Amino acid sequence: MDKKECHEKSSSSDEELRRWIPISSVSEDQESSEEQVSGAVYSEMHHMISSIYAELHFMFKQDYKYDQFLGPEGNVDVELINKSANKYSLRFPTAGWYLWSATGLGFMVRDAVTMTIAFGSWSQHLALDLQHHEQWLVAGPLFAFTAEPEEAVAEIHLPHFISLQGEVDVSWFLVAHFKDEGMVLQRPSRVEPFYAVLDNPSFSLMGILLRIARGTRLSIPITSNTLLYFHPHPEDIKFHLYLVPRDALLTKMIDDEEDRFCGVRLQTSPSMQPLTFGAHYILSNSAHLEIIPTELKLSYRSPGEIQSFSKFYAGQMKEPIQLEITDKRHGTLVWKTVVKPVDIQLGAASAPRTFSG
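If you want our numbering, it's the position in the sequence shown, counting the first as 1, plus 1.
A portion of the hints provided could be inaccurate.
Each computed DSBU-like pair below joins lysine-lysine, with the alpha-carbon atoms no more than 35 Å apart [claimed, not checked]:
id: 1; residue 1: Lys180; residue 2: Lys84
id: 2; residue 1: Lys319; residue 2: Lys298
id: 3; residue 1: Lys329; residue 2: Lys312
id: 4; residue 1: Lys180; residue 2: Lys312
Label-pair ranges, simulated between beta-carbon atoms [to be verified]:
id: 5; residue 1: Ser220; residue 2: Ser309; range: 31 to 37 Å
id: 6; residue 1: Asn201; residue 2: Asp256; range: 33 to 39 Å
id: 7; residue 1: Lys180; residue 2: Lys341; range: 47 to 53 Å
id: 8; residue 1: His331; residue 2: Glu258; range: 18 to 24 Å
id: 9; residue 1: Asn201; residue 2: Gln166; range: 28 to 34 Å
id: 10; residue 1: Met273; residue 2: Glu151; range: 39 to 45 Å
id: 11; residue 1: Lys337; residue 2: Val171; range: 39 to 45 Å
id: 12; residue 1: Gln166; residue 2: Glu325; range: 20 to 26 Å
id: 13; residue 1: Pro321; residue 2: Val185; range: 17 to 23 Å
id: 14; residue 1: Glu182; residue 2: Glu306; range: 49 to 55 Å
Keep in mind that the hints were calculated from the coordinates and are not lab data.
As the structure is a prediction and not an experimental result, all values here were calculated from the model.
Ideal Cβ placement from N, Cα and C applies to all residues, glycine included.
Use the sequences and the hints to build the structure in full.
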């Protein structure tokens, strides 16, 4: 697939999502901005938004860009204003709902608004002593926001990677605000399968935490990403495989780190089912290649920390390799993909780079 075909594929994906984006329609006799998204229309819009997030969950592709929001009138450009701080600036030109498809972050706005968005690191702000008193679980990315005017934002949809199955209680979800006086906790207005909603938000450094009573033993299911990279070399192709929670910044930081060492990410299938925090998973392959390590523990490490991965070599890659991940405790298959020599050829052609040492 050449770059033109990739661009067309990405554009078609955006078009498919954009057809779901609610278009703001305001009659002249509506006197307040709240009435623009109220009643039956409001309920229908939220049902539609939930459907979009579900669609996005299954359509998640690595070609979604960090430089665009999808909005009621088309794409809204996002400007990277500080690369080292992962800080972005943008302006929503009109009322409606906007989705950053690369991150799962969404906004419902009443009027035009200018925003800055930056990614944060939980490890720099969440005090370890708090985790000793109760069981705190990071449940999604950490964001820093400003909005002007702030009252123009009716809702913010903060992405999370907790799967609402089994014993998970939505009352455990809290929005953590990090302010000068410390961490302030707020209950979200509601919790949906892939995001939590705050109505009329005040902005700060914020993200979703899960608080579970101390001593409670639970298996928390989460949505995850299996990230597979190859490092091209004429004699011996190297692979790195990561198993991580679905955190947009975490994925981006791993992408950037792999890119520094000439790693190319391959498109792979999603996990067959939600995985479990703290569980151990076994990676195996059909070609009897040595994998180091074969066992991966699914845990959360903040972006910027060293992320664990499995590594293996595949020689000149003349035959397909089937990779599988199974749950160590139950032996069930949770992920499977096939890497063919043509995948390596196309990946190397679309991202030409010098060979890694």
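Could one say that the CB atoms of Ser220 and Ser309 fall in the range 31 to 37 Å?
Taking Cβ atoms as reference, Ser220 and Ser309 lie about 20 Å apart, which means the hint is violated.
Lys319 paired with Lys298 [C-alpha distance capped at 35 Å]:
Holds, at about 31 Å.
Using the beta carbons of His331 and Glu258, state whether their distance is inside 18 to 24 Å or not.
Violated: the Cβ-Cβ distance is about 32 Å, outside 18 to 24 Å.
Glu182 and Glu306, beta-carbon distance inside 49 to 55 Å?
violated (27 Å)
Holds or violated: are the alpha carbons of Lys180 and Lys312 at most 35 Å from each other?
violated (40 Å)
Honestly, do Lys337 and Val171 meet the 39 to 45 Å range at C-beta?
Check failed, 31 Å falls outside 39 to 45 Å.
Look at the Cβ atoms of Asn201 and Gln166 and judge whether their distance stays inside 28 to 34 Å.
Cβ of Asn201 to Cβ of Gln166: about 30 Å, so the range 28 to 34 Å holds.
Take the C-beta atom of Pro321 and the C-beta atom of Val185, compute their distance, and say whether it sits inside 17 to 23 Å.
The hinted range 17 to 23 Å is violated for Pro321 and Val185, with Cβ atoms some 52 Å apart.
A range of 47 to 53 Å was offered for this pair. Does it hold for the Cβ distance of Lys180 and Lys341?
holds (51 Å)
For the pair supplied as a hint, Lys180 and Lys84, is the alpha-carbon distance within the 35 Å limit?
This hinted pair holds, its Cα atoms lying about 23 Å apart.
Just to be sure I understand the hint, the distance between the Cβ atoms of Gln166 and Glu325 should be within 20 to 26 Å; is that true here?
holds (23 Å)
Take the C-beta atom of Asn201 and the C-beta atom of Asp256, compute their distance, and say whether it sits inside 33 to 39 Å.
holds (35 Å)
Checked against the numbered hints given earlier, this structure breaks hints 4, 5, 8, 11, 13 and 14; the rest are met.
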